[in-house]
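Trainee: Can you build the whole structure from these sequences, using the hints too?
4 protein chains.
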Amino acid sequence: MIKDMLRRQRIETPSWAYGNSGTRFKVFAQQGVPRDPYEKLADAAQVQVHTGVAPTVALHIPWDKVDDYGDLARHAAEVGVSIGAINSNVFQDDDYMLGSVTHPDARVRAKALGHLLECVDIMDQTGSDTLKLWFSDGTNYPGQDDIRARQDRLAEALSAVYERLGEGQRFLLEYKLFEPAFYATDVPDWGTAYAHCVKLGPKAQVVVDTGHHAPGTNIEFIVAFLLREGKLGGFDFNSRFYADDDLMVGAADPFQLFRIMYEVIRGGGYTEETAFMLDQCHNIEPKIAGQIRSVMNVQEATAKALLVDRDALAGAQREGDVLGANAVFMDAYNTDVRPLLAELREEMGLAPDPMAAYAKSGYFQKIAADRVGGAQAGWGA
Amino acid sequence: MIKDMLRRQRIETPSWAYGNSGTRFKVFAQQGVPRDPYEKLADAAQVQVHTGVAPTVALHIPWDKVDDYGDLARHAAEVGVSIGAINSNVFQDDDYMLGSVTHPDARVRAKALGHLLECVDIMDQTGSDTLKLWFSDGTNYPGQDDIRARQDRLAEALSAVYERLGEGQRFLLEYKLFEPAFYATDVPDWGTAYAHCVKLGPKAQVVVDTGHHAPGTNIEFIVAFLLREGKLGGFDFNSRFYADDDLMVGAADPFQLFRIMYEVIRGGGYTEETAFMLDQCHNIEPKIAGQIRSVMNVQEATAKALLVDRDALAGAQREGDVLGANAVFMDAYNTDVRPLLAELREEMGLAPDPMAAYAKSGYFQKIAADRVGGAQAGWGA
Amino acid sequence: MIKDMLRRQRIETPSWAYGNSGTRFKVFAQQGVPRDPYEKLADAAQVQVHTGVAPTVALHIPWDKVDDYGDLARHAAEVGVSIGAINSNVFQDDDYMLGSVTHPDARVRAKALGHLLECVDIMDQTGSDTLKLWFSDGTNYPGQDDIRARQDRLAEALSAVYERLGEGQRFLLEYKLFEPAFYATDVPDWGTAYAHCVKLGPKAQVVVDTGHHAPGTNIEFIVAFLLREGKLGGFDFNSRFYADDDLMVGAADPFQLFRIMYEVIRGGGYTEETAFMLDQCHNIEPKIAGQIRSVMNVQEATAKALLVDRDALAGAQREGDVLGANAVFMDAYNTDVRPLLAELREEMGLAPDPMAAYAKSGYFQKIAADRVGGAQAGWGA
Amino acid sequence: MIKDMLRRQRIETPSWAYGNSGTRFKVFAQQGVPRDPYEKLADAAQVQVHTGVAPTVALHIPWDKVDDYGDLARHAAEVGVSIGAINSNVFQDDDYMLGSVTHPDARVRAKALGHLLECVDIMDQTGSDTLKLWFSDGTNYPGQDDIRARQDRLAEALSAVYERLGEGQRFLLEYKLFEPAFYATDVPDWGTAYAHCVKLGPKAQVVVDTGHHAPGTNIEFIVAFLLREGKLGGFDFNSRFYADDDLMVGAADPFQLFRIMYEVIRGGGYTEETAFMLDQCHNIEPKIAGQIRSVMNVQEATAKALLVDRDALAGAQREGDVLGANAVFMDAYNTDVRPLLAELREEMGLAPDPMAAYAKSGYFQKIAADRVGGAQAGWGA
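Chains as they are written, first to last, in the UniProt record's numbering: chain A, 1 to 381; chain B, 1 to 381; chain C, 1 to 381; chain D, 1 to 381.
Careful, some of the hints might be misleading.
For identical chains, the list gives no copy identity; a pair is met inside one copy or between any two copies.
Stated by the list, open to error - Here are the simulated lysine-lysine pairs, DSSO-like style, with alpha carbons at most 27 Å apart:
#: 1; residue 1: 65; residue 2: 26
#: 2; residue 1: 203; residue 2: 231
#: 3; residue 1: 231; residue 2: 199
#: 4; residue 1: 26; residue 2: 199
#: 5; residue 1: 3; residue 2: 199
#: 6; residue 1: 26; residue 2: 360
#: 7; residue 1: 231; residue 2: 26
#: 8; residue 1: 203; residue 2: 111
#: 9; residue 1: 26; residue 2: 203
#: 10; residue 1: 111; residue 2: 26
#: 11; residue 1: 65; residue 2: 203
#: 12; residue 1: 366; residue 2: 203
#: 13; residue 1: 65; residue 2: 366
Hints are computed from structural coordinates only; laboratory data are not their basis.
Mentor: Put into structure tokens, the structure is as follows:
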């Protein structure tokens with residue numbers, strides 16, 4: 001039964017994870033990096049080939065802009081994946097220096113809204129049902145702009161996008177404490193995203209990026225709360241020690257990931273309605289292998305969360321047995337679930353160790369040799 | 001006009017600030033500390049005598065429990081103050097070790113709810129229109145209790161209190177990141193408090209304690225947001241460098257206090273509907289003088305916020321003039337408003353320097369001499 | 001070989017963990033709590049009985065003050081433990097409101113120093129070789145005292161204590177970011193403690209309390225650095241989500257504890273010269289069981305750290321194989337070491353599950369029944 | 001006398017502040033940005049023209065690499081400035097993905113060291129007496145490299161640079177908590193930098209970048225401590241709300257800047273031996289104007305710090321008068337020093353308002369018109 005649950009897990013990888021990324025100090029180029037969305041999808045397919053639980057790929061517009069999305073979708077199917085969420089980008093045009101949908105200038109706001117609506121067009125063309133909205137909008141200096149007026153502008157844009165959504169489509173609103181805005185971000189926390197989504201209706205939900213919180217924030221509490229309110233749309237998984245480090249999920253605090261997955265399961269969020277997406281930057285490690293490791297980390301946390309003896313836990317909780325309840329919880333966490341997952345993979349016709357299988361496949365050597373010349377994909381393209 | 005605004009400012013001081021307080025390591029006793037609620041009100045009256053803007057005093061039940069609240073209210077009037085918000089306490093009874101309204105045991109929950117309803121009774125008896133609810137409820141260890149079930153229990157209790165509120169009464173729900181709970185607090189952030197209050201209706205509002213946030217949280221954003229939603233009920237003012245330090249408001253970051261007061265004014269929150277309360281612990285400084293200094297700090301921040309040239313600011317903001325807008329904002333902050341406030345006090349028939357006037361009054365020497373014997377008031381009584 | 005390493009592990013429990021503790025809001029009394037140092041030692045002996053690796057107990061003066069330390073030491077031996085580090089206390093006397101050894105008043109400084117020297121006397125009497133110095137000294141408000149002059153006073157006191165140390169004795173200087181001081185703490189970080197210790201000489205070392213850092217601090221880096229400098233004297237183990245929460249070690253971030261233990265081993269610190277002490281507050285969980293669980297958590301982290309394949313790790317590191325090196329490291333962490341530890345315990349003649357064995361022993365029921373009347377031990381006594 | 005102190009203040013601006021900068025998400029290009037080091041110096045000269053206290057400019061190698069440094073120095077003199085500190089850069093070459101002087105590969109370490117020694121050559125050629133060393137070195141994942149071995153490698157490189165320093169030359173070692181390394185940074189805090197510098201000798205000092213600390217760190221304590229040890233070499237001034245935001249100094253927390261300047265003065269650090277440098281990123285505001293504002297912010301904080309009544313303060317501190325001492329301190333901070341500084345500027349033959357004077361000068365319009373074509377300077381060049 002735990003294996004059944006794990007077998008139907010779905011983790012979406014992002015097209016941009018296969019391109020180069022870095023910090024403001026330097027983007028280190030890596031070998032074999034894709035030059036276009038087609039090559040990104042081919043790389044993403046490798047993750048699916050070796051894990052079996054990563055069948056969809058999120059696109060980022062305009063980084064993944066193509067002339068013919070139907071053709072891109074066909075290519076995806078050919079390599080063995082399909083297109084997932086569409087991610088909008090209103091932070092890289094020169095016009096957006098002081099904001100996009102919350103910009104003081106109506107012209108810039110209209111331009112930004114135009115892009116968001118175009119993303120819904122692309123959803124129509126690709127069959128994607130999910131639009132992910134992240135706004136880097138904010139201010140760097142006290143007084144720079146009117147914090148409250150920016151909320152009014154935000155509400156107006158969200159409403160327009162909401163109205164444009166078709167049957168079976170939704171958007172996920174992302175929040176982030178800071179970066180690139182350093183004084184006030186316009187959607188800084190889950191409360192802000194939640195309040196906007198509640199007003200708009202059921203097609204608007206909150207997405208939790210695990211790297212977007214203030215130090216000390218209890219993320220699993222937010223997960224539990226949003227699920228209780230029916231407003232958890234999904235995750236952008238990654239991990240962090242300090243800020244939005246975008247490291248591999250589970251790398252910085254695997255216990256936290258386990259606690260998050262436990263609340264997902266306990267709150268009824270382990271369904272297709274919740275989007276489990278990776279959003280990471282493999283600045284110094286190989287990208288495809290980094291994605292495979294990340295998918296495995298989510299699987300392991302999920303397996304442990306599924307192992308929690310819910311009856312024993314409820315009993316200890318009811319009796320106020322602090323140490324007993326904690327022990328039930330930790331028993332699951334302390335279990336080594338790698339043998340279970342290896343077994344499951346073999347039952348699914350996969351190699352038991354995806355990292356080893358990918359290494360053995362020679363795919364990396366092949367792309368490193370083939371992809372010479374052209375412009376490597378990165379955050380700019 | 002700015003003087004008019006400042007003249008009608010109302011800052012509420014808390015009865016417990018006049019008693020002893022400390023950290024878990026030690027409560028240092030001070031001289032002249034009140035032994036009962038009557039003496040606390042007498043001390044609070046000193047703050048009003050010298051500042052003219054602190055006419056009300058918040059009570060804390062059971063610390064300020066008396067047999068005859070009518071008599072206490074008469075005493076307040078005699079010394080020149082009146083009774084403000086009623087603060088509930090469901091964190092000090094031995095039954096509350098694992099929670100109060102969110103406790104796994106229904107018996108404890110019922111007891112806690114009983115206390116909250118008793119507080120509404122006291123509101124009826126004292127004429128107080130505001131109930132402040134702070135729940136220390138939470139868990140220390142992962143797995144200790146069911147995070148989500150605790151929200152259900154919380155919602156049930158809040159609903160019962162809400163139903164009990166009479167005409168013209170409201171409650172303010174306080175949030176706090178951590179302490180005394182160290183893993184998951186049941187009302188950890190403004191989003192949680194907001195979501196509960198929205199469901200309940202207009203008599204439920206959020207109170208912002210300026211020391212209750214994660215590091216890096218932009219408090220003025222929360223203030224602006226809650227005002228836009230009509231859900232800002234008031235403030236518990238204090239300041240902090242690290243956690244919930246409960247230092248004198250304005251002592252740690254006077255610029256932040258200015259920014260908060262600016263958003264209050266800009267958002268239409270500078271009215272009688274918003275409760276401006278102090279909530280501090282004078283662990284090492286004299287209590288009455290500490291309250292006077294704190295009231296003055298709020299006044300100074302308010303005066304500066306009122307000085308912001310709103311037209312010039314809006315102009316610079318509209319043009320995207322980052323440095324210009326920031327400069328308009330900082331011009332107000334950099335102004336020395338102490339002469340203006342001294343002038344105002346003299347117009348109000350007060351001494352221009354409340355600290356000096358209080359020192360000169362000999363009140364402290366008097367209580368230090370008189371209040372010998374008996375048990376000094378503290379957090380336990 | 002790993003088992004040999006684990007067999008000779010020594011974890012010291014603190015006498016005060018067996019008494020009541022709490023937050024500034026409330027100290028919840030528990031059943032069966034010791035009334036004097038003799039009963040504390042009896043409780044500590046239970047931890048040793050069931051784990052076999054906790055043979056020493058730290059004392060706290062004056063909480064554990066007795067007339068005859070020789071008698072106390074004999075009692076310890078009788079119940080099966082011995083006396084470990086002596087912890088000084090210069091934070092609870094009324095004179096210390098504004099500091100102890102850094103107080104502006106020379107009389108208070110002399111008093112505080114007197115206490116520290118008295119602690120060395122007790123070391124002589126008990127045979128303890130380690131003095132732990134924690135200074136709560138600091139200021140709450142900018143300007144309150146001269147930050148630099150306080151360093152001069154601190155240096156003077158440390159020097160006097162250092163001079164008093166006998167052959168084979170040392171002191172460990174503890175640092176802490178904040179609490180109870182909220183603006184500037186006089187020994188806030190490892191750098192400050194290190195700089196003082198370097199000047200004094202080899203008998204002065206730094207102790208790392210795992211809950212005493214700013215958010216985001218990499219503790220294992222500090223451990224590695226201090227070991228490289230020969231200045232790591234030991235640990236005060238506990239865990240935290242926010243501030244100095246003093247939860248059970250390993251409860252908040254077991255992966256961090258593993259990383260710390262790895263650096264201890266890698267840096268040559270897994271020896272008798274390093275003091276591995278617990279320093280926790282069991283505010284809501286039973287104390288003896290809480291200590292047993294904590295000892296087990298340290299054992300598990302140590303076992304995992306010992307399992308790291310150092311050769312494979314060094315190889316991957318040398319080649320710059322980021323994912324490979326991380327995988328070697330995580331392989332050890334992901335291993336379930338509980339069977340190994342159960343086996344070891346049986347080889348040591350212990351029950352494989354110390355928690356179950358303690359529960360079955362009936363000790364808690366016995367002390368709960370016996371220890372009625374008298375004043376329970378806490379931080380005040 | 002205060003005016004004399006302010007008149008001889010020296011604040012160094014960095015050449016890179018005049019070029020474009022941004023976040024990892026986007027570098028927004030601005031008008032009139034310099035295309036080469038000569039144009040950067042011309043812009044820096046504007047800051048000096050209008051403030052009179054910014055006569056030197058820090059260079060960054062290789063961003064400011066030129067064939068003939070003598071010629072560059074002559075150009076600087078012609079436009080009215082001179083060359084200050086030389087900043088090394090061992091973080092942007094592709095070889096440095098896993099570190100520079102701490103890299104596991106000896107070849108890369110040698111290359112990095114070569115660059116550092118070349119920077120000393122440039123010091124010889126330009127007459128600069130200060131080398132600033134910032135190492136982005138660190139790791140992103142636990143286990144990725146050997147934390148302790150990296151310290152050994154760091155020590156080796158620092159020693160080689162130290163040996164190369166000539167008469168009258170020194171280096172300043174910078175520390176930073178995180179970014180671009182996200183797990184362990186090799187020089188993460190002042191303690192690490194201090195320990196290395198102490199071992200090397202008097203030509204090695206610590207530089208405090210005000211944006212490089214963990215949340216809640218008391219920076220003025222570090223300043224006071226380093227001054228007491230004779231190890232404070234200087235500052236990289238900027239301000240931050242969250243991480244290393246690199247905003248204009250004094251913009252986020254002007255009270256903190258005042259406290260820092262107070263400790264500088266009190267500790268005897270207000271001399272030519274201490275380098276007061278700006279290190280900021282004007283991502284969204286105009287660069288030259290941003291530098292002028294920043295210089296003014298430092299001047300205002302310094303003026304306030306100089307205004308502190310040291311005798312009154314010492315008296316209140318000695319008596320343990322918490323509120324009195326804090327009041328003396330705050331009296332200085334609350335003073336509006338802008339009139340004093342305007343007066344000083346007029347005495348120095350400058351316009352009283354540098355921002356207005358610069359705006360009126362038409363310089364920005366001129367460079368915006370002239371500097372068309374060519375590649376704008378940024379962090380890459």
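Trainee: Indicate, hint by hint, whether the structure satisfies it.
Mentor: Tested hints:
no.: 1; hint: 65 with 26; in the structure: both (25 Å within a copy, 18 Å between copies)
no.: 2; hint: 203 with 231; in the structure: both (9 Å within a copy, 25 Å between copies)
no.: 3; hint: 231 with 199; in the structure: both (12 Å within a copy, 15 Å between copies)
no.: 4; hint: 26 with 199; in the structure: neither (41 Å within a copy, 32 Å between copies)
no.: 5; hint: 3 with 199; in the structure: neither (39 Å within a copy, 39 Å between copies)
no.: 6; hint: 26 with 360; in the structure: neither (31 Å within a copy, 37 Å between copies)
no.: 7; hint: 231 with 26; in the structure: neither (37 Å within a copy, 31 Å between copies)
no.: 8; hint: 203 with 111; in the structure: within (23 Å within a copy, 41 Å between copies)
no.: 9; hint: 26 with 203; in the structure: neither (39 Å within a copy, 30 Å between copies)
no.: 10; hint: 111 with 26; in the structure: between (30 Å within a copy, 18 Å between copies)
no.: 11; hint: 65 with 203; in the structure: within (25 Å within a copy, 50 Å between copies)
no.: 12; hint: 366 with 203; in the structure: neither (43 Å within a copy, 52 Å between copies)
no.: 13; hint: 65 with 366; in the structure: within (25 Å within a copy, 39 Å between copies)
In this structure, the hints that do not hold are numbers 4, 5, 6, 7, 9, 12, in rising order.
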